[in-house]
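A.B. asks: Place chain B on chain A using the hints.
Residues per chain, in single letters:
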Amino acid sequence: MKMKHIIVFIIFGFIGNVGYAQEDKPSKLERWSRLVQKFRSLSYGQWRSMSGEFNDAGDLIYKPLADLLRKEETGEGAWRRVEWNQRSVAWILGDVGTEKAVDFLVDMLPDTTLNLWGRIEAAESLGRMNAVRAVDPLLETFKDKESDTQLRRYAARALGDLQCQKAVSFLIKALNEDINRIDMGVIYALGNIGSDDAVDGLLYALECTENYVRGSVYQHLRRLRPEKEIAFLLLALEDSYWGAREVAVKILSEKGEEISGSLVALFENNKTSHTGRWETIRILGKMKPEKYTKLFLEALKDEDRRIRDESAVVLGRINASKTVKPLIGLLKDENPYVREEAAWVLGEMKPEKAIEFLIDMLDDKDSGWMAAISLGKIGSEKSVKSLIGMLMVKEIKQRRAAAWALGKIQSDKAVEPLIKAVMDEDDEVRMLSTLALEMIGTHGALKAVEDFKLVGQDKQIYKHPRLDIQVEAPSGWKQLPRPEDRLIYEIADTEENVHVMLWYTATMQDAKGYLEKMADMKGLHWEGEPMVVEGKEDDAWKVDATGIVWGIDARVFLTVIQNGYDGRHVDHNALYIVMIWCPEPDFSRHKLQMANILNSVKFTE
Amino acid sequence: MTFKLKSMFTLYLCLLSVAPCLHSQESKLRQISYNQKTYPLYPVGLNECPPIPSPWTTEEGVEIIIGITRENKYTLIPVTLENEKLPYGEKLRMKRGEQLKVDGKDFPVLAKTGLHSEIELDQTKAITGKSIAEITSSGRPGGSSGAGFMAHDEDIISMLIGDNRLVKKLGSTHPEIVRPLFHVWNLILEGTEHGVWKNERIHSESILYNHHSIHLKYGGRGWQESIFNDEIQGAYHIEMWRELDQNEKEFLKMKYAHLSEENRADLMKKLSHIHTGEMVPYYAMRYGFYEGHTGYRADPIAIVFIFGLKSIEEIEKAFEGNLYKVLADHFMSSDVYSGGIK
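Protein chains in written order, with the numbering used here: chain A, 1 to 605; chain B, 1 to 342.
Hint data in this document are derived by calculation from the structure and do not stem from the laboratory. A couple of the hints might just be wrong.
[Stated by the list, open to error] Partner residues aside, some chain B positions facing chain A, computed with beta carbon under 8 Å: (1) V109; (2) K112; (3) T113; (4) E118; (5) I119; (6) S137; (7) G142.
Just so we're clear, the structure is a prediction, and the values are computed from it rather than from any experiment. The C-beta atom is built at its ideal place from N, Cα and C for all residues, glycine as well.
Isolated chain B (complex conformation):
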């Protein structure tokens, strides 16, 4: 009897501690309807792929993607971007937090249009109250992280300008491009909430996204502090990639015939693989920052390609024969400030 009481008390405490982590609307949602048919949501697995687009937004505004579990079951995962303000001083840990927040104080044009104004970036001396020099200093390798948030020869403003030009050339905006990354991160949070970890250090699965099958692999790492004065923190490695289909391979082979086999393979890898962490979606939405050319960069071009936001033909057209160079070159101040993406 004492044991039972103890167990019940422990269970009660567990529930109390878990409850605040649950997402307000979505965690209560257990099923959705599509074309007058009802489907259960994650973690329930389905034997057949539901005839629902992925990503898909319900009439109530719930964003859904289709996941494929390791047991080859299909599952509908709610991954809506949320905007939950954390209590003052609290850091982002295993929560969705403010996923739609844009730093409108430092970048009013970004907040208004989804793209930076270069003239606004040119006059920026501080972001979140931290000087550009300090941010660059802590962002370079060996600063606040060994790998760094940017390469040795990059600085924060050159990064923001460089990526803004990429996104603009892609005919998109930062909030549009960053959405799939948030979907992946919210999927990880959903999984964690439902206890998929179970002693596994690395977890992997696939999702369907704009008719592509995208592989995901993710696992924990030590806590990484932000280089800005904000609540963002990192704790995960996230890898996402997809195979190129035959048409895409042939198209690149034709357009980049001048590249060596090795460089072409590298181009395909850069286009179709991303290794990053959960800080990037928050950074990209808030500041238009995708991290520099380090092992954690989520290149906007790769995001657009992997998640099928644009076709390879559209992407190529935006950069006309320079795709490899654009994906590989660093955003050095001298190049960025002299105009044009290299």
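In isolation and in its complexed conformation, chain A is listed as follows:
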């Protein structure tokens, strides 16, 4: 009986275990399938977040992965989904990391029925999982010139991840194939392997690879042989690739004085390329340039124009009086870019004694424009006449520079020529002349600008209905009702931003005195004394004031003009008041228009 029980117990136990196993199997499978599905929903950049989750997958994972690898997709974008599936499989297998996963991935490498990016991902995974057993298949893939270049590139990277010394000679040999895509993989691999042979390979790569590939080569060399970092950086200074040089310039500049001796030696070495010497000047100029003034002054005579050019900039930064004369000498350089740079530098330094030389240079067809700019920066009144002449030359760039410079100098003498230039055929000359006139800011200059702005814009006369006074303003302005005082005539633009008010009073006070009294009564504020209104024969005074008008913070041109005596009171002056105002924040936009309206005030017969 006991024996029976034991047997039954064993049998049930066994069955139970079987039952358990049968129930457990699908649930585990389900779990892996779910995990695979979750992985597929992620973007490529998020794959890493599941790193390690497939480590303990065991054999159960292969079935869903094998299914996914061969899954057919239909409809729009099917090929992309197939690619995605296969890449996912390769990545997950890399995470599983077992021998069986390596076999699976190795099989994927040469399988041309698979999508290319699926195979590339397989190569990447083999590298990532450090699958030493995959070295030969990866090397075969890399050596096979019939394989896709991208696949070969990633096979090279994987060999690099595996630090495969055996691959070095093949990697170096591939550099001669002159295929950029492969070169990038080779450089990565050699950089990772890092042996003496690999370093030799990287040095060789400097001779035979494309620009941006070399940028990466220098980076690897510096990392692998830190004791030779400076030497590699100095080497990079002579590279024809700008990007590689820029990195070297940045790093060397940060190192400061400790490497200045090496830089000076490099500059003075006859064997150094022009490019290398030029970059050296750039770096020394960023350190303590005063220390090397002599070197820079010598460099102004260098045969390479970039070196002369850069030295001029550095000397400008030093801004010492002894550098002015040599820089002036450079204004006669044979190269127009050097002359231009020298003129620019002098414009930054602003030495008085450079003015006449810059004026002489205005005739330079190539670089004269920069001389004009520099004269503008210096603010040389002496140059105004020459600059005015330049406004009429044939070259557009010269005319633009002259207009720009005259705006900076702000000389009254330039108003008339600039008014003419406002009609220049080049739109930028027109714009710069207009801005120059605004900057000069005299009555005539501002009127010209306003007139120019109003070209094509209809204007009309607005006459006071009861008084003999009128103004000119753009068409379509409306009259605002002023029932409280029929002598007040008020117009405004359609948006009621700019207001013009005209009215009259008879008083024994003069125009100036009445203006002050009225402005005070209205709570207006202004600085200084009232000003005479230019261009009016009458006794006319104005203030440019701020204050509150109809509850609005306003900018106000308040003007009082005396026009003889009042007809009814012989001892009373006939004073006409013109008040033009707009909200203060809009003033800069309306300033010219307001000034022009004020200028247009006339008495009618």
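C.D. replies: Just chain B, lined up with the frame of chain A:
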């Protein structure tokens, strides 16, 4: 009770952290009036399209555009350009910031007129204190970003000159052209503020703009630093496009009959699709920079076309048969400096 207190405290903290992000005037604004009728603002959805122009500026200066949600509801979104100065050293992150700022220190003429002066650009040696060489170096592919802010053969000054000429030829100014891009970016900020993200990596919707239905798709990316010394940062991909109508297609077919089918299709795509990020509107307003011919360029011509700032006939007239070339060619220094847009 403890739980409730905890929850209330957490809610209070959340509100505190959200509050500074809210836009001063607009976030308080919940409705607008148009023709004596009141309409609720985003996120409220409307079943019918309100009879309001899009874009539209209210009397109070609030700029509104009409959006169409994925549920096919219409919604009025406040997208006013703001000029909020950030504290010194703070970078632009999910804020409107200084959207009207123009770099008047380096480009006084741009600040004054909305267009660059070429003579000013020709003499520029640095922008925001950073040398032209440095900006170009970090702006090229592989510099501060893999894709780059300009192509290998472009430099920052040639870009600024090239785009300035495009904008000038279009008879417009940089602030005018860049406004719709800010509207789109402000729409994204509004959406983020109202929590539309909810675990979505990519969000898409449409807006109505000058009678065109414009599709938008946007999503986050890693932070991208600016190539200038400024507070601008990038964190978004933004795509905007619209379908050409029949007349536009026929017009281009007629004007560009000499192009192959493939090139004509490419022309239409270049005109009607933009993939960019939120850095471009700030760059274009501040420096007149729309990024070079990379995957992030917002070509001024495409902006003008997509957002209906000009008709296809007006755009074509500005470039007379060269539209495809102008849209495709890089702004290489040699071409730009020798005058004329290729």
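A.B. asks: Decide, hint by hint, whether the structure agrees.
C.D. replies: We went through each hint and held it up to the structure:
For V109 (chain B), the shortest C-beta to C-beta distance to chain A is roughly 7 Å, which falls under 8 Å, so the interface hint holds. Using the Cβ-Cβ criterion of 8 Å, the hint placing K112 (chain B) at the interface with chain A is satisfied: the shortest such distance is roughly 7 Å. Annotation: interface hint on T113 (chain B) holds; nearest CB of chain A at approximately 6 Å, less than 8 Å. A hinted interface residue such as E118 (chain B) counts as satisfied when its beta carbon comes closer than 8 Å to some beta carbon of chain A; here the least separation is about 6 Å, so the hint holds.
A least Cβ separation of about 4 Å between I119 (chain B) and chain A falls short of the 8 Å threshold, and the interface hint therefore holds. About 5 Å separates the beta-carbon of S137 (chain B) from the nearest beta-carbon of chain A, less than 8 Å, and the hint is met. Below 8 Å, beta-carbon pairs count as interface contacts, and G142 (chain B) has one with chain A at about 6 Å; its hint therefore holds.
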